[in-house]
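In order, the protein sequences belong to chains A and B.
For the first sequence, the numbering used here begins at 68 and goes up steadily by one.
For the second sequence, the numbering used here begins at 68 and goes up steadily by one.
Calculated directly from the structure, the hints in this document are not laboratory data.
Be a bit skeptical, because a hint or two may be false.
Given that identical chains are not distinguished, each listed pair holds provided it fits within a single copy or across any two copies.
Stated by the list, open to error - PhoX-like cross-link-like pairs, simulated, lysine-lysine; straight-line CA separation at most 20 angstroms:
id : residue 1 : residue 2
1  : Lys102    : Lys127
2  : Lys108    : Lys126
3  : Lys156    : Lys111
4  : Lys116    : Lys126
5  : Lys114    : Lys202
6  : Lys126    : Lys202
7  : Lys156    : Lys202
8  : Lys209    : Lys156
9  : Lys209    : Lys146
10 : Lys114    : Lys221
11 : Lys127    : Lys116
12 : Lys116    : Lys225
13 : Lys146    : Lys171
14 : Lys202    : Lys108
15 : Lys126    : Lys102
16 : Lys209    : Lys108
17 : Lys102    : Lys116
18 : Lys171    : Lys126
2 protein chains.
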Amino acid sequence: MAYWQSRGLRGSTLEEMVNMTNERYMEHGLACIEKIPTPIKPIKMGKEKGTISLAYFEKKGSVDYIGVVQGIPVCFDAKETSKDNFPLKNIHEHQIDYMRAFQKQEGIAFIVVYFTNHELFYLLPFDVIEVYWDKSQNGGRKSIPMSAFDERLKIRGKSGYLVHYLEALSAYLAINTES
Amino acid sequence: MAYWQSRGLRGSTLEEMVNMTNERYMEHGLACIEKIPTPIKPIKMGKEKGTISLAYFEKKGSVDYIGVVQGIPVCFDAKETSKDNFPLKNIHEHQIDYMRAFQKQEGIAFIVVYFTNHELFYLLPFDVIEVYWDKSQNGGRKSIPMSAFDERLKIRGKSGYLVHYLEALSAYLAINTES
Chain A
68 MAYWQSRGLR GSTLEEMVNM TNERYMEHGL ACIEKIPTPI KPIKMGKEKG TISLAYFEKK
128 GSVDYIGVVQ GIPVCFDAKE TSKDNFPLKN IHEHQIDYMR AFQKQEGIAF IVVYFTNHEL
188 FYLLPFDVIE VYWDKSQNGG RKSIPMSAFD ERLKIRGKSG YLVHYLEALS AYLAINTES
Chain B
68 MAYWQSRGLR GSTLEEMVNM TNERYMEHGL ACIEKIPTPI KPIKMGKEKG TISLAYFEKK
128 GSVDYIGVVQ GIPVCFDAKE TSKDNFPLKN IHEHQIDYMR AFQKQEGIAF IVVYFTNHEL
188 FYLLPFDVIE VYWDKSQNGG RKSIPMSAFD ERLKIRGKSG YLVHYLEALS AYLAINTES
């Protein structure tokens, strides 16, 4: 059961909140974001139609969400932590590789981080992640401190959008256009 | 077995060819395109680590591929037909809805169509699909004739890219910028 939990159930509330937000974005024509299913390979079909009696988890997936927001390609993951920092072990190396490739193609990659003890959500841009990741690979600290989270990229719930990350994305784009 | 075939195996050669092309695009920094796994919900874990002993197919997925090509958000499906036209029943209504939403967000949606009897591949833009789809909903023909496929959007294999659809995509963008 431990294995199953680590795969599927942990963080499902955050996932549900993000999914509901995405549904509303879609309904209101604000974004078209797809939840990427966990890659599972079916091996044997069950007797009942549509069921599978043997399957296994395939290679690790890339990120949780991919899509487009008003012409901007975006991909992101949603992660939560009960700590006062964001441990880098929450991110897999293949996810870093994927986000790096996505950004190289001029897409925007980020992580929605939920600090459960503080009930705070932030948009953490890949640029920031990359700096800490690369340092950690060279013996640096293995987590991103809360102080590295930009207050302007705080995500607020708003008028039915539970995790209104588009607002933070828009702030991020504004900051980046300035500089 | 028939059910299983209709889900997983049919068209796997085309899928494999597109996947290999995408891997090369990724390696060469030309595009970052993700194959979306078939959504499967695991219910019961198997005794062996990483295996599932009961699962079922979830709601229909959106499209097969999503990603970004040099700043352009793209999504597409790969479909083959042995006919001399492309039957619209190869596309599900939820896929049309998804591609419509994706285009509304200024992304580019299309289908890579493989005419197996002719060994020809085409990029079929969503604009064309939409016209035929909408007509078919009003009693019009239920397929897209080969004559509606733009010769300029023919997909050729080239220097290791088995289904080099980026070339056709680039032609499509050039045509659309002209007009």
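Here is how each hint holds up against the structure:
With identical chains, the CA atoms of Lys102 and Lys127 are at most 20 angstroms apart both within one copy (15 angstroms) and between copies (13 angstroms). For the homomeric pair Lys108 and Lys126, the shortest alpha-carbon distances inside one copy (10 angstroms) and between copies (16 angstroms) are both at most 20 angstroms. In this assembly of identical chains, Lys156 and Lys111 lie within 20 angstroms of each other by CA distance neither inside one copy nor across copies; the values are 34 angstroms within and 27 angstroms between. Only between protomers do Lys116 and Lys126 lie at most 20 angstroms apart by alpha-carbon distance; the minimum there is 14 angstroms, versus 26 angstroms within a single protomer.
Taking the shortest alpha-carbon separations for Lys114 and Lys202, neither the intra-copy value of 52 angstroms nor the inter-copy value of 39 angstroms comes in at or below 20 angstroms. Taking CA atoms no more than 20 angstroms apart as the test, Lys126 paired with Lys202 passes in neither setting, with 26 angstroms inside one copy and 42 angstroms between copies. Taking the shortest Cα distances, Lys156 and Lys202 sit within 20 angstroms of each other inside one copy (14 angstroms), while across copies they are farther apart (52 angstroms). In this assembly of identical chains, Lys209 and Lys156 lie within 20 angstroms of each other by CA distance solely inside one copy; the values are 7 angstroms within and 51 angstroms between copies.
In the homo-oligomer, the alpha carbons of Lys209 and Lys146 lie at most 20 angstroms apart inside one protomer (16 angstroms), although the nearest pairing across protomers, at 45 angstroms, exceeds that limit. With identical chains, the CA atoms of Lys114 and Lys221 are never at most 20 angstroms apart, being 49 angstroms at best within one copy and 42 angstroms at best between copies. Taking the closest pair of Cα atoms, Lys127 and Lys116 come within 20 angstroms of each other only across two copies (15 angstroms); inside a single copy the shortest separation is 27 angstroms, beyond that limit. Taking the shortest Cα distances, Lys116 and Lys225 never come within 20 angstroms of each other, neither inside one copy (42 angstroms) nor across copies (41 angstroms).
In the homo-oligomer, the alpha carbons of Lys146 and Lys171 never lie at most 20 angstroms apart, since the shortest distance is 23 angstroms inside one protomer and 29 angstroms across protomers. Proximity of Lys202 to Lys108 under the C-alpha cut-off of 20 angstroms is found in neither arrangement, the shortest distances being 36 angstroms within a copy and 37 angstroms between copies. Taking the shortest alpha-carbon separations for Lys126 and Lys102, both the intra-copy value of 17 angstroms and the inter-copy value of 12 angstroms come in at or below 20 angstroms. When the C-alpha separation of Lys209 and Lys108 is checked against a cutoff of 20 angstroms, the pair qualifies neither within a copy, at 33 angstroms, nor between copies, at 33 angstroms.
Taking identical chains as interchangeable, the C-alpha atoms of Lys102 and Lys116 are never at most 20 angstroms apart, the minima being 25 angstroms within one chain and 25 angstroms between chains. With identical chains, the CA atoms of Lys171 and Lys126 are never at most 20 angstroms apart, being 23 angstroms at best within one copy and 32 angstroms at best between copies.
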